[in-house]
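Fit chain B to the known structure of chain A by using the hints.
If you read the sequences in order, they're chains A and B. Here this note's numbering is used: the first residue of the first sequence is 116, the next is one more, and so on. Here this note's numbering is used: the first residue of the second sequence is 145, the next is one more, and so on.
In case anyone wonders, no lab produced these hints; they're calculated from the structure. Treat each hint with caution, since some may be false.
[To be verified] Computed list of lysine-lysine pairs in DSSO-like fashion (alpha-carbon distance at most 30 Å, straight line): (1) B:K493 - B:K506; (2) A:K286 - B:K506; (3) B:K179 - A:K286; (4) A:K286 - B:K250; (5) A:K315 - A:K303; (6) B:K250 - B:K493.
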Amino acid sequence: MTLPLFFFYIFSAICIASALMVIASRNPVHSVLFLILAFVNAAGIFMLAGAEFLALILIVVYVGAVAVLFLFVVMMLDVDFAELGKGMLQYMPIAIVVGIIFGLELLMVAGSWFITPEVAGGSVLPIDAGVENTRALGQVIYTRYVYLFEAAGIVLLVAMIGAIVLTLRHKPGVRRQDIATQVGRRPKDAVEVVKVESGKGI
Amino acid sequence: MTSDLTDIFALAPAYPELALVIGAVLLLMIGVFQKNNHFMTINGLAIGLMGAVLVLLLFAPSDGVLFNGGFVQDEFSRFMKVLVLIGSIGALLVSVSAAEEHALNKFEYPVLVLLATLGMMMMISANDLISLYVALELQSLSLYVVAALKRDSARATEAGLKYFVLGALSSGMLLYGASMVYGFTGQTELGAITEAIALGEPSIGLIFGLVFLLAGLAFKISAVPFHMWTPDVYEGAPTPVTAFFAAAPKVAAMALFVRLTYGTFAPISTDWQQIVIFISILSMVLAAFAAIGQNNVKRLIAYSSIGHVGFALVGLSAGSQAGVQGVAIYMAVYLAMTIGLFACILSLKSDKGYIEQISDMKGLAQSRPFIAVIIAVMMFSLIGLPPLAGFFAKWQVFLAAVEARLYWLAVIGVLASAVSAFYYLRIVRTMYFDEPENNFAAAPMELTVVMGLAGLFVITYVFTFGGPIARMAEIAAASLH
Chain A
116 MTLPLFFFYI FSAICIASAL MVIASRNPVH SVLFLILAFV NAAGIFMLAG AEFLALILIV
176 VYVGAVAVLF LFVVMMLDVD FAELGKGMLQ YMPIAIVVGI IFGLELLMVA GSWFITPEVA
236 GGSVLPIDAG VENTRALGQV IYTRYVYLFE AAGIVLLVAM IGAIVLTLRH KPGVRRQDIA
296 TQVGRRPKDA VEVVKVESGK GI
Chain B
145 MTSDLTDIFA LAPAYPELAL VIGAVLLLMI GVFQKNNHFM TINGLAIGLM GAVLVLLLFA
205 PSDGVLFNGG FVQDEFSRFM KVLVLIGSIG ALLVSVSAAE EHALNKFEYP VLVLLATLGM
265 MMMISANDLI SLYVALELQS LSLYVVAALK RDSARATEAG LKYFVLGALS SGMLLYGASM
325 VYGFTGQTEL GAITEAIALG EPSIGLIFGL VFLLAGLAFK ISAVPFHMWT PDVYEGAPTP
385 VTAFFAAAPK VAAMALFVRL TYGTFAPIST DWQQIVIFIS ILSMVLAAFA AIGQNNVKRL
445 IAYSSIGHVG FALVGLSAGS QAGVQGVAIY MAVYLAMTIG LFACILSLKS DKGYIEQISD
505 MKGLAQSRPF IAVIIAVMMF SLIGLPPLAG FFAKWQVFLA AVEARLYWLA VIGVLASAVS
565 AFYYLRIVRT MYFDEPENNF AAAPMELTVV MGLAGLFVIT YVFTFGGPIA RMAEIAAASL
625 H
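Isolated chain A, as found in the complex (with noise of 0.2 Å):
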């Protein structure tokens, strides 16, 4: 056994694994945190296959920035999963002819690449091995496609202009910090000195 293989073995394993626990643990931070899991190993599968920007992008967005979003959006909101997930049996027939369709599609690309490998590794445009995918990526991002990269960051642009001039609101009344107000306060500004007489309050 070639440690590629049983590396390979021991991401697929843990990935299913955790993949089942995601939909199968009860609490709900729990399914966060192996769909974390999930995504590393899966990443591990990438980087196994020679597709390591894909597997580091996996990493950085799904897990730094996408699952984050996940725990957060599951802790901060009462959502109540039990109940939620009360009538989920109803949907079983459904759910068992969409996995037999699955199944079969799965069944039919494994049959194509047994019984014509040649075709089914073919690509119309083969990689060149000798250069790896982030150099490749780096190599055209900047300069046969730079007017499409300078584009999107346009419309990225416009999604956060327009996130905020429709959400933001400047709330009258609110007390924000300032530095320089608190620093320059005199005593005399805040501190009262009275003179009680005994036996009388104030």
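Chain B only, in chain A's frame:
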């Protein structure tokens, strides 16, 4: 794998777009770092910037293909970009006086309009399926935000959301079509796709891709059967925003439609001509009948714009250079009529606020004769009565259809225009022959100027602007092949 850009001067065909990006970001920065709301300043600067870009386009033209085929500047794109810029400038001008009441007096509004205009110009210049899609999304995303900008109004928010959901659906269809075209030709660049199609018999997959592409674009120009969002969005969005929606984005999407069909898919013209004829007839007929029952001016204009897209597509159905020239002329005239009409509607302010119902326009001719005259002229021009501009625009597209032996298409078009005369004339009747009920405020100066210019354009079109526009449109149409 290198860039085709050697120095800054190689970018000359894209200078207008670059100027818009840099200007938009600068205006955004000015808006963000100013303590007070400087809507008026930013709006004025945005109008000035677009005016400068317009001058740059008209007087320092530079053609070419840039960014490894992603971007093209030719006579056609220049013609359409000039129209888009005029539309955006007009929309910002007419929103000055009404901005506060429509809760648009935020500096983000002109900035988003600038970015939407940038997206439209990139759409017009798109020469690759990927740049086409990115530009379309840039334009659409800005428009969704602008539609919902009046965020405390339930109707505006609904309009924005509806536009967003349906727009996302149309983008999905367009992308699906683009992926099929790429799959069956192996190319994303439009010129290369044309060559690949011309090589052999078109496959059924390619036709499928074409249909989906055109369905996605028909959404953007709001042609029937993809028009459902238009009346709701036009009615719900603040009126200045509706003025913007009705003018510039339609021109840009129509330009893209023409470039894809007449330019890229020229080798299979019989296939797309069927589609264009179909949506053209449906748009003309449905709009003519659906507009009859409308009481809201903005809904009426929405249906009217659907109908006019149908008329413009009559020219494209011909599949000839004269037809494309007709489309270009039609869009120019449509733009002038739309901006003029919205300038009139935005100056209709009674004691109760801005007027949107047709019944509120009763007796307008007695208190504000100038506005009433301009509205009447616009209505006659929209019907297509000679000697107004609308007549010559329709003449051109119907002539192209007749030359292409599509007699029945031209007949249906003329009949649809006759039916549409009913609802246009209803407004004229309400203004001139009903007893006045409201007091109307005087129109602000800039609206009077826009109304005057649009009226002048429409009335004197045949003597003044008609000739030059027809010549420019002819050069533009010729540059597509």
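Hints, one by one, checked against the model:
{"no.": "1", "hint": "B:K493 - B:K506", "in the structure": "13 Å, holds"}
{"no.": "2", "hint": "A:K286 - B:K506", "in the structure": "42 Å, violated"}
{"no.": "3", "hint": "B:K179 - A:K286", "in the structure": "16 Å, holds"}
{"no.": "4", "hint": "A:K286 - B:K250", "in the structure": "16 Å, holds"}
{"no.": "5", "hint": "A:K315 - A:K303", "in the structure": "25 Å, holds"}
{"no.": "6", "hint": "B:K250 - B:K493", "in the structure": "22 Å, holds"}
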